[in-house]
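Add chain B to chain A, keeping to what the hints say.
Listed below, chain by chain, are the residues.
There are 2 protein chains.
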Amino acid sequence: MKPCTEVMADHRTVRAYDREASIPEAHVETMLRMAQRASTDATAQLYSIVRIRDLELRQRIADLAGGQRHVLDAQEFFVFLVDFYRVSSLLTFRGEEPGHYPHLAFLFGAVDASLAAQNLALAAESMGYGVAFIGGIQNHPRELCDLLGLPPGVLPLVGLCVGVPRHRPPLRPRLPLDAVVHVDRYHPPDRTHLAAMFEAMAPISSSGDWLDVLRRYFARGGVMERREEAFRRVWEEQLKDGSTGRA
Amino acid sequence: MKPCTEVMADHRTVRAYDREASIPEAHVETMLRMAQRASTDATAQLYSIVRIRDLELRQRIADLAGGQRHVLDAQEFFVFLVDFYRVSSLLTFRGEEPGHYPHLAFLFGAVDASLAAQNLALAAESMGYGVAFIGGIQNHPRELCDLLGLPPGVLPLVGLCVGVPRHRPPLRPRLPLDAVVHVDRYHPPDRTHLAAMFEAMAPISSSGDWLDVLRRYFARGGVMERREEAFRRVWEEQLKDGSTGRA
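Listed in order, the protein sequences are those of chains A and B. Each residue of the first sequence is one higher than the one before, counting from 1 in this note's numbering. Each residue of the second sequence is one higher than the one before, counting from 1 in this note's numbering.
Derived from the structure by calculation, the hints contain no laboratory data. Beta carbons are placed, not taken as given, at the ideal position from N, Cα and C, and that holds for glycine. Any given hint could be a false lead.
As the list claims (entries may be wrong) - With beta-carbon atoms standing in for the labels, derived distance ranges: (1) 21/B - 177/A: 21 to 31 Å; (2) 67/A - 21/B: 22 to 32 Å; (3) 21/A - 18/B: 26 to 36 Å; (4) 203/A - 69/B: 37 to 47 Å; (5) 6/A - 184/B: 49 to 59 Å; (6) 173/A - 199/B: 42 to 52 Å; (7) 176/A - 57/B: 23 to 33 Å; (8) 216/A - 207/B: 45 to 55 Å; (9) 13/A - 92/B: 43 to 53 Å; (10) 167/B - 203/A: 15 to 25 Å; (11) 22/B - 63/A: 36 to 46 Å.
Stated by the list, open to error - Some but not every residue of chain B turned toward chain A, in silico, with C-beta under 7 Å: (12) 43; (13) 54; (14) 55; (15) 57; (16) 59; (17) 70; (18) 90; (19) 93; (20) 151; (21) 182; (22) 185; (23) 214; (24) 217; (25) 218; (26) 231.
Here chain A stands alone, though its shape is the one from the complex:
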């Protein structure tokens, strides 16, 4: 077993899985139990995990996520959910009225779910498996809610593939440490810093220019902006109207 920091230092996203291989059920259970050990806000565990075993369902989700082959090829695929339906049900069961806090539910649910997801990912990697987070489940969030039968108060956050790697891609670069870590106060980058960031990240794009990735996702008319309206509606339906308060 490798030390924890070695597992982290060695992380790369794996998208090519050996379809003939399998993961013992005991390993999957360990991953899920490690997910549960993550810190959680006010003891409440404001998330759920859907383990997608049905292959037809997996195909539907892979299609919704933009035809991502690795969603189908991975031995396991999990959808992490922000979940306030459970805590509202627990309160209602005991005669208490749940509160209504759609923005903070989003925040604390997203943190709880992500801490658990990262534990699951690292546990998997420490056992030799490869992982890939899938943001593409946000392409069609309403359809995903319906497919998974999500009640009010529950919102799909992120997907996670876990599988036996067919090969290990090279390590990917990261921003210079001082671009991410600020001391005492946020220090906006100047032009020299911005140029250094593009230089550090250049190898991440096949074109050698990080801008090609950033433009595609984050610029006007890009992937994020195209996804925004559908996601806003789902957030309103599931958390704001569907609510934390009406389990």
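Same frame as chain A, now just chain B:
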């Protein structure tokens, strides 16, 4: 060095730190570098970390978070931020117009920041330190934004104490695995499940009734509802109006 899953299995929140002890700077750098190795959406690293070294500033933040002594006692205190100011600056620097997607920015920024935060926490624990996530930074989010000088597009997410533990509290319970993990479809809990959840979680409250914690935070008039309005305004100012699009 303990294996990764052992570090996770052994996690407890530590709030009592040895104020006489210290953490070598090399260890802090390892924690921060491990945070950076976490997966990130579309290569963009949509988060920043503010390391709070100034003790007067630390005191101010501890006060805002509700007088949490451990924020002050911990050797290190980090504030994790959702950060779209950087990616907008990178796009603008290269002549591109950033998009506008305040809900998805919240989502993808919160996931990126939390995956990084969990890596930092586990790296610290694997080196023998104790950690505590601090949700209380959401008590007065506007004041925190001002204290840290956060530009538009940047939103405080969660705090994290890291320190030398004075003692190790007992392991805390978690929900039954099948209350958190669903197969293929969300299965709403019935009354038997809900009763089993209260039973499993009972030891987490000094009163022996988990409801006391859940009511305080999540019921009508509770902590979350009291925080909601101020947080909604900050989210609107920083991400919706302040925007992902106006770096």
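Hint check results:
1. 21/B - 177/A: 21 to 31 Å: holds (24 Å)
2. 67/A - 21/B: 22 to 32 Å: violated (53 Å)
3. 21/A - 18/B: 26 to 36 Å: violated (46 Å)
4. 203/A - 69/B: 37 to 47 Å: holds (45 Å)
5. 6/A - 184/B: 49 to 59 Å: 35 Å Cβ-Cβ, so the 49 to 59 Å window is violated.
6. 173/A - 199/B: 42 to 52 Å: Taking Cβ atoms as reference, residue 173/A and residue 199/B lie about 49 Å apart, which means the hint holds.
7. 176/A - 57/B: 23 to 33 Å: holds (24 Å)
8. 216/A - 207/B: 45 to 55 Å: Between residue 216/A and residue 207/B, where Cβ atoms are some 53 Å apart, the hint holds.
9. 13/A - 92/B: 43 to 53 Å: violated (28 Å)
10. 167/B - 203/A: 15 to 25 Å: Between residue 167/B and residue 203/A, where Cβ atoms are some 46 Å apart, the hint is violated.
11. 22/B - 63/A: 36 to 46 Å: Given about 54 Å between the Cβ atoms, the range is violated.
12. 43: For residue 43/B, the interface hint holds, since the closest Cβ of chain A sits about 5 Å away, which is under 7 Å.
13. 54: holds (5 Å)
14. 55: violated (10 Å)
15. 57: holds (6 Å)
16. 59: Violated. Min distance 13 Å.
17. 70: Since chain A brings no Cβ nearer than about 14 Å to residue 70/B, farther than 7 Å, the hint is violated.
18. 90: holds (6 Å)
19. 93: Because about 4 Å separates residue 93/B from the closest Cβ in chain A, which is inside the 7 Å limit, the hint holds.
20. 151: holds (6 Å)
21. 182: Result: holds, 5 Å to nearest chain A Cβ.
22. 185: holds (5 Å)
23. 214: With Cβ-Cβ at 6 Å, under 7 Å, it holds.
24. 217: This hint holds: residue 217/B lies near chain A, its Cβ roughly 4 Å from the closest one there, short of 7 Å.
25. 218: holds (5 Å)
26. 231: Because about 5 Å separates residue 231/B from the closest Cβ in chain A, which is inside the 7 Å limit, the hint holds.
Hint check: violations occur at hints 2, 3, 5, 9, 10, 11, 14, 16 and 17; the rest are consistent with the structure.
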